Amino acid sequence: MTLRYSHNSDRLTWRGEAKTSPIRSRTKKRMELVSSFIRIRPRMADEVILLDFWPSPFGVRARIALREKGVEFEYREENLRDKSPLLLQMNPVHKKIPVLIHNGKPVCESMNVVQYIDEVWSDKKNPLLPSDPYQRAQARFWVDFIDTKVYEPADKIWSTKGEVQEKAKKEYIEALKILESELGNKPYFGGDNFGFIDIAMTGYYMWFEASEKCGNFSIEPECPTLMASAKRCLQRDSVVNSVPDPEKIVEFAFKIRKIYCV
Amino acid sequence: MAEEVILLDFWASMFGMRTRIALEEKKVKFDYREQDLWNKGSLLLEMNPIHKKIPVLIHNGKPVCESLIQVEYIDETWPGENPFLPSDPYQRAHAKFWADFIDKKVNVTARRIWAIKGEEKEASKELIDIFKTLEAELGDKHYFGGETFGYVDIALIGFYSWFGVYNKFGNMRIETECPTLTAWAQRCLKRESVAKTLPESEKVTTFISQRLGVE
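As they're listed, the protein sequences go chains A and B.
The numbering used here numbers the first residue of the first sequence as 1 and each following residue consecutively.
The numbering used here numbers the first residue of the second sequence as 263 and each following residue consecutively.
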């Protein structure tokens, strides 16, 4: 019997036939137990790469989650007009960022990435999702609301003008007011702790100034409590280190408007 | 105290079917309440004021909305047998990716076949492409989850009862174009939870035809 490394399963496995004898089968059992705990990797443990785009409100979620957990990662900027072979290989279905590549294996879709980070590095501080199933369902509901009811009008504010943009501004503020009502008196959507919903919203918080300038309106008078929570989130270390300079986002937003908004 | 589980639903909804199947898989007793979507009841409007949509799962008076969120909630609340999601975080993320793909792509495209005049040809082609992508993901596995019926299977199977609608209005035969997916659906139908939940495809086709005033 010999111990061989299998590339397929990334494990040490037994190859060959064991002659039947109690001593050999005890040894075999011991080695199987040992091999099930050994992983041989071509690189150091926990290689974490994030394929991302700096102003993305979705990419920033993954950056924040990794930093909340204190996970070291390699950030790789993608040119969305000339996507890298790695991005196309790791997300062939959607070809979008962010993509988290953990020890060579890709995780796609921003809130999926955040949940994955929360589960893998669950021993670290700051659980991002509550442990109670009902509270978890509520957190997921609100993130789904954000990704439909906030995203769609926000996108139109950035990329349209005239009546279409006016309608989008109205829908955007309505959605933010609903969220503000859900927030209530809590410092964060997660209560006392910054969590899943706050991470989802921070992508939009970082775009507030750009949205206001694109749409020529002001969010704070409409949603003062939400704005207060936004400022709180934007001050967290994980967020400060993840979010670009708001001026740069405004500059980027106007560049995009020149292309889409003739 | 006994569990009170109520499901506000509509018989033909492929989203409601997900929740029904999940509850049946876990052998949870529930009170199914058929909703009139053209005259929504006060309980539905109270329990889902944001979207006013079915399905709504009401567990001991507290509502859970959005079908995939309900499936995950059911899996976490009644862990017991048949976990829908794997325990490994990477496998879980993989399952959620494909359920999200189904949610983003299947209904939006399929609906165009029967609900928007003039789009049926293009939408049919796109739907077949989407199903072929799913077939590639399924491969030669018994279910999307491998040997066990799980989250992605639950997310997709309800659409099988609408194949008659898509075939009729799209002038195609999905079963011929996507035999692997069809075989998977037939395997799922052997499960009691699915057989009990999915309506006959003909019933759905008749319902949509009547709504559109078509033979």
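Check each hint, because a few of them may be wrong.
[Said to hold, decoys possible] Quick list of in silico lysine-lysine cross-link-like pairs, DSS-like style, CA-CA up to 30 Å: (1) K167/A x K324/B; (2) K149/A x K465/B; (3) K458/B x K315/B; (4) K95/A x K314/B; (5) K105/A x K403/B; (6) K387/B x K302/B; (7) K177/A x K95/A; (8) K258/A x K161/A; (9) K156/A x K367/B; (10) K83/A x K367/B; (11) K366/B x K324/B; (12) K125/A x K105/A; (13) K367/B x K105/A; (14) K156/A x K314/B; (15) K258/A x K366/B; (16) K367/B x K387/B; (17) K383/B x K96/A; (18) K387/B x K403/B; (19) K366/B x K96/A; (20) K149/A x K458/B; (21) K403/B x K149/A; (22) K315/B x K379/B.
[What the hints assert, rightly or not] Below, a sample of chain A positions facing chain B; criterion: calculated Cβ distance under 10 Å: (23) Y75; (24) H102; (25) S122.
Read the hints as simulated data drawn from the structure, not as lab findings.
The structure presented is a predicted model; accordingly, all values stated were derived computationally and were not measured.
Cβ coordinates follow ideal geometry from the N, Cα and C atoms, glycine included.
Quick rundown of the hints versus the structure:
A threshold of 30 Å between alpha carbons decides the hint, and for K167/A with K324/B the separation of about 34 Å lies outside it, so the pair is violated. A C-alpha spacing of about 33 Å is found between K149/A and K465/B, which places the hinted pair above 30 Å, so the restraint is violated. Between K458/B and K315/B, the direct Cα distance comes to roughly 23 Å. Compliance with the 30 Å bound is thereby established for this hinted pair. Taking the CA atoms of K95/A and K314/B, the gap is near 33 Å; set against the 30 Å cutoff, the hint is violated.
Proximity of K105/A to K403/B is assessed by CA-CA distance (about 20 Å); at most 30 Å being required, the pair is judged to hold. Taking the CA atoms of K387/B and K302/B, the gap is about 35 Å. The hint is violated against a cut of 30 Å. Taken as a hint, the K177/A and K95/A pair is broken in the structure, with Cα atoms around 33 Å apart against an allowance of 30 Å. For the given pair, K258/A sits about 11 Å from K161/A by alpha-carbon distance, which is consistent with the 30 Å threshold.
In summary, the hint linking K156/A to K367/B is supported, as the alpha carbons are separated by about 21 Å, within the 30 Å threshold. At most 30 Å may separate the alpha-carbon atoms for a hinted pair to count; K83/A and K367/B meet this at roughly 22 Å. At roughly 27 Å between alpha-carbon atoms, K366/B and K324/B fall within 30 Å of each other, so this suggested pair holds. Using a Cα cut-off of 30 Å, the hinted pair K125/A and K105/A holds, with the two alpha carbons roughly 24 Å apart.
With a C-alpha separation of about 24 Å, the suggested pair K367/B and K105/A falls inside the 30 Å cut-off, and the hint holds. At most 30 Å may separate the alpha-carbon atoms for a hinted pair to count; K156/A and K314/B meet this at roughly 24 Å. Our distance criterion of 30 Å between C-alpha atoms is met by K258/A and K366/B, whose separation comes to about 29 Å. Distance hint between K367/B and K387/B is fulfilled; the C-alpha atoms sit about 13 Å from each other, no more than 30 Å.
Restraint check for K383/B and K96/A: satisfied, since their Cα atoms lie roughly 28 Å apart, inside the 30 Å limit. Of the pairs offered as hints, the one joining K387/B and K403/B holds, with about 25 Å between alpha carbons and a cut-off of 30 Å not exceeded. Between K366/B and K96/A the alpha-carbon distance is near 14 Å, which keeps this suggested pair within the 30 Å criterion. Using a Cα cut-off of 30 Å, the hinted pair K149/A and K458/B is violated, with the two alpha carbons roughly 34 Å apart.
The suggested pairing of K403/B with K149/A is violated, with an alpha-carbon distance near 36 Å, which exceeds 30 Å. Our distance criterion of 30 Å between C-alpha atoms is met by K315/B and K379/B, whose separation comes to about 25 Å. Given the 10 Å rule on beta carbons, the hint for Y75/A is violated: about 20 Å separates it from the nearest Cβ of chain B. The interface hint given for H102/A holds, since its Cβ lies 7 Å from the closest Cβ of chain B, which is under the 10 Å cut-off.
Proximity of S122/A to chain B holds as hinted, the smallest CB-CB distance being about 9 Å (cut-off 10 Å).
Against the hints set out earlier in the document, violations occur for numbers 1, 2, 4, 6, 7, 20, 21, 23.
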